[in-house]
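Colleague: Take these sequences, add in the hints, and give me the full structure.
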Amino acid sequence: MLSSQIKSNEIVFGSCNKDLLEEIIFYGMGLGADFVEIFIENTDNSSVLAEEDFITSVSPSFGKGAGIRIFKDKKDGFVSTNDLTKHGLMRSVSQAIEMLDITDNKKIQVFNGLDKHRDYSLSKKKWINEVPSIHEISEKLLVSTKSLKKNNKIITRKGSYSRNLQEVIIASSDGTYVSDIRLHQTVGLNVIASDAQYRSSGSRRFGSSGMPHEFRLWDHEKAANDVFESSMNMLYADYVDAGQMPVVLANKFGGVIFHEACGHLLETTQIERGTTPFENKLNEKIAHESVTAIDEGISEGSFGSLSVDDEGMEPEKSVLIKDGILKKFISDRAGELRTGHKRTGSGRRQNYSFAAASRMRNTYIAKGEHSKEDLINSISDGLYCKSMGGGSVGATGQFNFAVEEGYLIKNGKLTNPVKGATLIGEAKEVMPKISMCGNDLELAPGFCGSISGSVNVTVGQPHIKVDSITVGGR
Amino acid sequence: MNSKEITIQISEAADSLNLKKWDYGASFSNDYSVQVDKGEAKQLKASQKQILTIRVWNESNLVGITTTSDISESGIKKALNQANIASDFGNKNETTEFSPLAQDPIEFKDSKKRNPVGIKKLLTLLREAEVKLLESHESIKSVPYNGLSESFYERVYANSDGAFRSYSKSQAALYLYARAEEKNKKPRSSGSIKLGYGVEDIDIESCIKDASNKTISHLNYSSIKTDKYLICFSPESFLTIINAFSSMFNARSILDGVSLSNKNSIGDKLSTEALNIYDDGLHEKNISSSPFDGEGTPTKRLCLINKGRLENFIHSESTARIFKTIPTGHAGLGSKVSVSPDWIVVEKSEENSDLKTLLDHSTYEGEFVYIEELNAIHAGVRASQGSFSLPFDGWLYKNGKKISIESATVAGDIKYLLKNIVNIESNQEVTTSGISPHIWVDELSITGDA
Chain E
0 MLSSQIKSNE IVFGSCNKDL LEEIIFYGMG LGADFVEIFI ENTDNSSVLA
50 EEDFITSVSP SFGKGAGIRI FKDKKDGFVS TNDLTKHGLM RSVSQAIEML
100 DITDNKKIQV FNGLDKHRDY SLSKKKWINE VPSIHEISEK LLVSTKSLKK
150 NNKIITRKGS YSRNLQEVII ASSDGTYVSD IRLHQTVGLN VIASDAQYRS
200 SGSRRFGSSG MPHEFRLWDH EKAANDVFES SMNMLYADYV DAGQMPVVLA
250 NKFGGVIFHE ACGHLLETTQ IERGTTPFEN KLNEKIAHES VTAIDEGISE
300 GSFGSLSVDD EGMEPEKSVL IKDGILKKFI SDRAGELRTG HKRTGSGRRQ
350 NYSFAAASRM RNTYIAKGEH SKEDLINSIS DGLYCKSMGG GSVGATGQFN
400 FAVEEGYLIK NGKLTNPVKG ATLIGEAKEV MPKISMCGND LELAPGFCGS
450 ISGSVNVTVG QPHIKVDSIT VGGR
Chain G
0 MNSKEITIQI SEAADSLNLK KWDYGASFSN DYSVQVDKGE AKQLKASQKQ
50 ILTIRVWNES NLVGITTTSD ISESGIKKAL NQANIASDFG NKNETTEFSP
100 LAQDPIEFKD SKKRNPVGIK KLLTLLREAE VKLLESHESI KSVPYNGLSE
150 SFYERVYANS DGAFRSYSKS QAALYLYARA EEKNKKPRSS GSIKLGYGVE
200 DIDIESCIKD ASNKTISHLN YSSIKTDKYL ICFSPESFLT IINAFSSMFN
250 ARSILDGVSL SNKNSIGDKL STEALNIYDD GLHEKNISSS PFDGEGTPTK
300 RLCLINKGRL ENFIHSESTA RIFKTIPTGH AGLGSKVSVS PDWIVVEKSE
350 ENSDLKTLLD HSTYEGEFVY IEELNAIHAG VRASQGSFSL PFDGWLYKNG
400 KKISIESATV AGDIKYLLKN IVNIESNQEV TTSGISPHIW VDELSITGDA
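Same order as they appear, the protein sequences are chains E and G. Count the first sequence with numbering that gives the first Met the number 0 and you get residues 0 to 473, in order. Count the second sequence with numbering that gives the first Met the number 0 and you get residues 0 to 449, in order.
By construction, these hints were calculated from the structure, which means they are not laboratory data. Treat each hint with caution, since some may be false.
Stated by the list, open to error - In the PhoX-like style, the derived pairs of lysine-lysine whose C-alpha atoms are separated by at most 20 Å in a straight line are: (1) G:K48 x E:K85; (2) G:K48 x E:K71; (3) G:K418 x G:K347; (4) E:K73 x G:K401; (5) G:K262 x G:K20; (6) E:K71 x G:K119; (7) E:K73 x G:K119; (8) G:K213 x G:K401.
As the list claims (entries may be wrong) - Take a look, some chain E residues computed to stay more than 12 Å from chain G by CB distance: (9) F61; (10) E97; (11) V109; (12) F110; (13) D114; (14) T155; (15) G187; (16) E220; (17) K221; (18) N410; (19) K418; (20) I423; (21) T469.
Even for Gly, the Cβ is constructed at its ideal location relative to N, Cα and C.
Modeller: Written out as structure tokens, the structure reads:
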């Protein structure tokens with residue numbers, strides 16, 4: 000008796016919470032809300048850091064919380080709380096209703112109860128027992144940092160791992176009732192090399208979603224070789240001369256340029272703000288005809304993949320740009336309500352304390368027909384960006400990206416390594432200048448920070464050639 | 000549970016698990032924020048958050064840690080258990096202890112805690128601010144990034160030796176970023192942020208005026224020729240650079256091999272004798288000041304650069320022990336304790352005879368580039384290498400005229416920058432990250448489109 004009373008008065012993961020969720024939604028709708036959404040999460044995370052030949056940090060964390068969102072007309076009120084009792088959730092609903100100043104509860108929207116439970120977590124409950132133990136992770140990280148010790152110029156070696164396990168329940172007044180478990184693992188290596196006054200650094204990061212054994216398959220030797228080579232190549236590099244020039248951007252993480260420069264401008268949050276130059280360009284040419292760009296959440300194991308988004312919709316494969324023509328925006332519930340663009344299963348948030356927003360998932364430029372050599376051979380004087388650092392896009396669409404590892408192109412050949420390069424431009428002007436796409440599409444994991452927090456994403460592209468871009472240097 | 004009750008709960012749970020040595024840091028907050036879009040409420044947000052970080056020491060004196068938002072009796076027990084398990088992986092090469100200063104008296108100033116004004120008042124004030132900003136100039140078409148928020152929080156540190164510290168504060172923030180458009184020109188955007196202890200302390204009119212003036216001042220723009228220029232850094236942009244390279248002063252970064260300094264760098268000449276830099280977390284203008292750090296060490300003013308020479312590093316308990324000094328109040332609680340500056344204060348020292356005092360941003364008539372704000376710090380700074388290449392908002396002053404610079408970057412090396420400071424203006428300005436005067440630097444590279 001006591002047990003069932005407890006269950007009916009607070010959310011319990013792994014149990015049926017339908018009655019309680021319906022009661023809370025009925026409560027919100029009865030107070031005059033147009034729409035009520037409840038997002039509840041339970042997390043179990045771990046991270047491990049190896050420095051030189053020692054484990055220097057092991058950090059477990061766990062928690063739970065709820066985000067309640069109420070819509071009235073086109074406004075929304077969002078309340079987050081750690082209190083998952085019926086009283087706590089009802090209080091959050093009341094707070095959201097009060098914030099929105101909803102006093103007219105005569106026009107009650109219909110809520111017919113929750114649909115049949117869509118449980119995406121059934122096959123995933125065993126994951127927590129399948130992920131590597133801290134002991135196993137520590138051993139492999141130490142082997143990895145040891146294999147970075149290839150000469151005495153390497154002065155700093157680091158390996159890091161993190162695992163996020165998130166159990167979610169999503170329920171809303173359109174009947175949505177979903178449960179899921181998400182698993183993300185990421186592992187990275189970093190070095191700093193030094194010789195007299197010269198210094199360089201190198202890093203690589205790998206990541207997967209929904210694949211508990213992926214860390215065991217990670218080829219740490221190859222990763223260590225890549226990072227070491229990159230740092231050695233850049234150790235004595237000169238600073239690049241600034242100017243306008245053609246560039247070839249490498250595949251994998253080179254795709255960050257499309258993500259930052261164009262992808263964000265295709266999120267409906269940007270239409271809502273009036274900050275995208277592409278707002279009225281649907282079915283118009285916005286890029287070179289060689290460019291087809293995709294955002295999807297369905298590639299198995301990719302860092303940005305998900306069974307269901309944070310609003311309970313299964314992700315779709317969205318062709319954003321087809322042969323240079325703008326075809327679609329990335330949309331969430333609020334985006335559909337405020338801009339009319341249909342949801343794409345892209346409502347995402349870092350955790351319960353953020354309201355979901357339209358966010359990218361696995362975003363990439365599709366492969367073309369050229370080889371990497373074709374692209375480089377076509378340039379007499381330019382820059383090859385082998386490894387990109389982070390970047391950002393400003394409120395008016397200007398972007399900038401750091402080039403971590405760059406090489407000059409002279410007469411169609413790669414020559415000296417150069418450092419300190421930054422790529423600067425505007426999406427609207429650069430997209431038509433992507434004139435050649437390679438045939439070697441690859442994806443790379445990353446984290447994207449924006450309005451609804453930091454979310455796991457994949458960026459990607461084949462090698463691409465940009466005919467002209469501003470390169471910042473010295 | 001309040002913080003005293005949590006401490007008792009942790010103590011009892013630790014006893015039951017036979018854990019003799021522990022400490023914890025916690026924060027409890029209530030936050031409220033609003034955003035508007037052309038007079039309409041867009042998103043209204045409230046959040047209640049609690050975060051608890053517990054460390055335990057095992058019988059081998061190795062430390063384990065766990066962080067949780069579950070501050071129930073069972074959550075606390077689970078956290079202690081997990082921390083105990085994690086202590087098996089504790090760092091044997093660098094032990095952690097309680098801060099020797101964790102029970103020293105702390106300087107309690109009036110926290111100026113304000114009462115909440117509530118969501119409706121926040122919304123009314125932000126709507127009015129948006130209208131005024133839109134009406135301030137015909138070219139300002141929207142305020143795409145805006146927000147008004149108020150936060151109320153309590154922070155706590157306690158340990159099994161009986162240390163217990165807590166303080167509670169309030170803070171409010173207003174940001175307005177306007178977008179201006181004119182025919183046949185690219186849209187331009189700029190804005191302003193103001194902080195206060197409460198909403199009523201925020202100078203809303205000044206935020207509107209700053210956002211409007213900055214945005215309008217960028218309407219007439221031009222590309223700049225790639226070259227080396229005489230640069231005047233605004234107080235905000237100079238503080239951005241100093242904070243980005245604060246690993247120079249950071250003992251943790253030195254031990255990790257990611258700093259430009261080393262253990263023996265104290266006394267090294269980094270800049271003109273005219274430059275003093277302090278870290279002063281308790282400065283009266285620091286709205287976010289905290290009387291103690293994550294290890295319970297009292298916050299204090301510390302000289303980092305004295306007359307151009309490196310004077311002190313910032314420390315946690317463990318780095319201070321390794322450097323044979325005392326903690327400085329800059330620790331962040333974690334499995335690996337982090338170290339970071341609080342509030343940078345830049346000033347001109349008494350030894351300033353070598354400065355070119357004619358260089359004053361409001362009167363100088365020669366050619367120079369004024370850097371108002373640096374962007375994309377995470378992408379363009381290589382702190383471990385000392386280099387930076389950063390986009391900026393600013394103007395070129397030439398022939399008595401001022402013109403906004405279109406998409407350009409400034410690049411250089413922090414050591415070169417500090418050594419090439421040619422003037423430090425007299426008047427300091429308060430920003431959201433510290434206090435600094437305008438700083439002039441000769442011969443930095445600018446890349447532009449012209």
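Colleague: Each hint needs a verdict: does it hold in this structure or not?
Modeller: Now the hints, each set against the structure:
no., hint, result
1, G:K48 x E:K85, "17 Å, holds"
2, G:K48 x E:K71, "25 Å, violated"
3, G:K418 x G:K347, "15 Å, holds"
4, E:K73 x G:K401, "43 Å, violated"
5, G:K262 x G:K20, "31 Å, violated"
6, E:K71 x G:K119, "16 Å, holds"
7, E:K73 x G:K119, "17 Å, holds"
8, G:K213 x G:K401, "13 Å, holds"
9, F61, "5 Å, violated"
10, E97, "8 Å, violated"
11, V109, "25 Å, holds"
12, F110, "22 Å, holds"
13, D114, "27 Å, holds"
14, T155, "4 Å, violated"
15, G187, "15 Å, holds"
16, E220, "23 Å, holds"
17, K221, "24 Å, holds"
18, N410, "23 Å, holds"
19, K418, "7 Å, violated"
20, I423, "5 Å, violated"
21, T469, "6 Å, violated"
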